[in-house]
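A.B. asks: The primary structure of each chain is shown beneath.
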Amino acid sequence: MTAGINPIPDCNLMWVFGLLETLEDRGGREDGYKIARDLAFKFSDLLKVMKAAEILGLVSTPSGDVVLEPLGKQFLAVDINQRKLMLREQLRKHGLFNYFVRLLRGQESRSLSKEVVLEHLAILLPAERPERTFATLVNWGRFAELFGYNKDEDRFYLDHE
Amino acid sequence: MPLLDLKQVSKSFAYAKGDLSVLENISFTVEEGEFLAVVGPSGCGKSTMLRVINGIMPPTTGQVLYNGRQIDGINLECAIVFQSFALLPWLTVKGNIEMGLEARGISPAECEKRCGIYIDKVGLDGFEEAYPRELSGGMKQRVGLARALAVEPKVLLMDEPFSSVDALTAITLREELLDLWQAPGTSVKTVIMVTHIIEEAVELADRILVMATSPGRVVGDLKVELPRPRDKRAEPFNALSDKVFSLIEERS
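Residue numbers (my numbering), protein chains in the order written: chain A, 1186 to 1346; chain B, 10 to 261.
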């Protein structure tokens, strides 16, 4: 059941958008190390951003370079709410997000408590820190309006369904 | 008639050892629809100037005219975005935006409606019930921006809005601010942004006011005649950045 479920980098999506803008300014392709240096951004953090953008299908990363993919270009051309829609489509295709979409759909309340989500994460991604992955799931999920999380009610749920 | 008219504005603060002059003899005007950046080193009084324009602080001498009338108290046609975000940690995203509206006496139904509109405009859909501590700096500043825009001000004042976020987030937020400012449905067309980042001013503004320190004064007023979107690696962009830089260097 866990086949095809890969970890997600703990990366803020606004970094991904900033990377795309930077690539557009530089003709669509640039050396990752050079971007980090020019922006005074930690290279280890930039690697996470590159990875996240790649997972989302927005860039490719051949031999240390970052290349804007057609989807990335399309993403830059649309407004913020269309970007959310595009992200939602991409996340649904990702193993981990897809797993929770299916899991939530199977719940009568269409929701889970954080503790239950953490238990699933511990089993699915034993090498990752569940709390951190949860935070990223919530952040990306909220941005894409795929998942919501209500801290007061401790309810992780499917948005838009 | 200019929208804003500062006439020989000075501001000083009284201390035991005597008065400290923070702004000295500042005069300039801002036209409706203009995007003005105010650039200068820290301590040049640019943030104080923003507060004088907003009416949070009165000038010691001189006048601030808005539509030709002298401002008395806070100018309700201005809204301000702070570097520190200034969000209330015990309120959700929605709560923080509503608070700004309720404080202005806007009816609950209208609050609800505007909240929805501006959450959507700044890309906060999905985050309505999140608390500030669950958000990255970039998302917090979106809340700050939505709260300011929701009061539907004529003038948006921004005090180093992207100085507390990292470089990639700042790039994203600048692009989005330009998109919002240029969008046909946006009520706010006049922006005054204080920044110490020269490239930020050259990228965004129609006009740059350069300030020098001790006491804070205006030492340059430059039009930015570069077409948008601006190519940050092009020669004219760099030439203008260098010019602003040298104006600041000369006087500091």
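Hints were generated in silico from the structure; no laboratory data involved.
Any given hint could be a false lead.
[To be verified] Distance condition first, Cα-Cα at most 20 Å in a straight line; then the derived DMTMM-like pairs of lysine to aspartate or glutamate:
1. Lys1219(A) to Glu137(B)
2. Lys122(B) to Glu143(B)
3. Lys1336(A) to Asp188(B)
4. Lys103(B) to Asp1195(A)
5. Lys1269(A) to Glu169(B)
6. Lys1258(A) to Asp1195(A)
7. Lys1269(A) to Glu184(B)
8. Lys1336(A) to Glu184(B)
9. Lys1236(A) to Asp1264(A)
10. Lys241(B) to Glu1215(A)
11. Lys241(B) to Glu1206(A)
12. Lys103(B) to Asp1339(A)
[To be verified] Not close to chain B: a few residues of chain A, all C-beta gaps over 10 Å, as computed:
13. Pro1192
14. Met1199
15. Trp1200
16. Leu1232
17. Asn1266
18. Gly1280
19. Arg1287
20. Ala1307
21. Val1323
22. Gly1326
23. Gly1333
[Said to hold, decoys possible] Short, incomplete list of chain A residues facing chain B, as computed with Cβ under 7 Å:
24. Asp1195
25. Asn1197
26. Glu1209
27. Phe1226
28. Phe1228
29. Ala1262
30. Val1263
31. Gln1267
32. Phe1328
Backbone N, C-alpha and C fix where the C-beta goes; we use that ideal spot for every residue, glycine too.
A.B. asks: Each hint needs a verdict: does it hold in this structure or not?
C.D. replies: Hint check results:
Between Lys1219(A) and Glu137(B) the CA atoms are separated by roughly 37 Å; this puts the pair beyond 20 Å, and the hint is violated. The suggested pairing of Lys122(B) with Glu143(B) is violated, with an alpha-carbon distance near 24 Å, which exceeds 20 Å. With a C-alpha separation of about 32 Å, the suggested pair Lys1336(A) and Asp188(B) falls outside the 20 Å cut-off, and the hint is violated. Proposed proximity of Lys103(B) and Asp1195(A) is contradicted: the alpha carbons are some 25 Å apart, above 20 Å.
Proposed proximity of Lys1269(A) and Glu169(B) is contradicted: the alpha carbons are some 27 Å apart, above 20 Å. Using a Cα cut-off of 20 Å, the hinted pair Lys1258(A) and Asp1195(A) is violated, with the two alpha carbons roughly 23 Å apart. Between Lys1269(A) and Glu184(B) the CA atoms are separated by roughly 16 Å; this keeps the pair inside 20 Å, and the hint holds. With a CA separation close to 31 Å, the supplied pair Lys1336(A) and Glu184(B) exceeds the 20 Å bound.
For the suggested pair Lys1236(A) and Asp1264(A), the alpha carbons sit about 23 Å apart, so the restraint of at most 20 Å is broken. The straight-line distance between the Cα atoms of Lys241(B) and Glu1215(A) is roughly 15 Å, inside the 20 Å bound, and the hint therefore holds. Using a Cα cut-off of 20 Å, the hinted pair Lys241(B) and Glu1206(A) holds, with the two alpha carbons roughly 12 Å apart. Proposed proximity of Lys103(B) and Asp1339(A) is supported: the alpha carbons are some 18 Å apart, at most 20 Å.
For Pro1192(A), the condition that its CB be more than 10 Å from all CB atoms of chain B holds, with the nearest at approximately 19 Å. Distance check for Met1199(A) against chain B: the nearest CB is about 4 Å away, which does not clear 10 Å, and the non-interface claim fails. The non-interface label for Trp1200(A) is inconsistent with chain B: the shortest C-beta to C-beta separation is roughly 4 Å, within 10 Å. Every C-beta of chain B lies more than 10 Å from that of Leu1232(A), the closest at about 13 Å, which supports listing it as non-interface.
Its beta-carbon lying about 7 Å from the closest one in chain B, Asn1266(A) breaks the requirement of being farther than 10 Å from that chain. The claim that Gly1280(A) is not at the interface with chain B holds, since no C-beta of that chain comes within 10 Å of its own (minimum 21 Å). With a least beta-carbon separation of about 20 Å from chain B, Arg1287(A) lies farther than 10 Å from that chain, consistent with its non-interface assignment. Every Cβ of chain B is farther than 10 Å from the Cβ of Ala1307(A); the closest lies at roughly 21 Å, confirming the non-interface assignment.
Against the 10 Å criterion, Val1323(A) falls within the reach of chain B, whose nearest CB is about 7 Å from its own CB. Residue-level check failed: Gly1326(A) sits 8 Å from the nearest beta carbon of chain B, not beyond 10 Å. With a minimum CB-CB distance of about 7 Å to chain B, Gly1333(A) fails to clear the 10 Å threshold, and the non-interface call is violated. Contact between Asp1195(A) and chain B, as hinted, is not supported at the beta carbon level, the nearest pair being about 11 Å apart and thus beyond 7 Å.
Using the Cβ-Cβ criterion of 7 Å, the hint placing Asn1197(A) at the interface with chain B is satisfied: the shortest such distance is roughly 5 Å. With its C-beta approaching chain B no nearer than about 9 Å, Glu1209(A) sits outside the 7 Å limit, and its interface hint is violated. Interface hint at Phe1226(A): satisfied, since its Cβ lies 6 Å from the closest Cβ of chain B, which is below the 7 Å cut-off. Interface hint status for Phe1228(A): violated, as the beta-carbon distance to the closest one in chain B is roughly 13 Å, over 7 Å.
Checking Ala1262(A) against chain B by beta carbon gives a least distance of about 11 Å; that is not within 7 Å, so the hint is violated. Checking Val1263(A) against chain B by beta carbon gives a least distance of about 11 Å; that is not within 7 Å, so the hint is violated. Below 7 Å, beta-carbon pairs count as interface contacts, and Gln1267(A) has none with chain B, the closest being about 11 Å; its hint is therefore violated. This hint holds: Phe1328(A) has a C-beta 6 Å from the nearest C-beta of chain B, less than the 7 Å allowed.
Violation of the numbered hints given earlier is confined to hints 1, 2, 3, 4, 5, 6, 8, 9, 14, 15, 17, 21, 22, 23, 24, 26, 28, 29, 30, 31; the remaining hints are satisfied by the structure.
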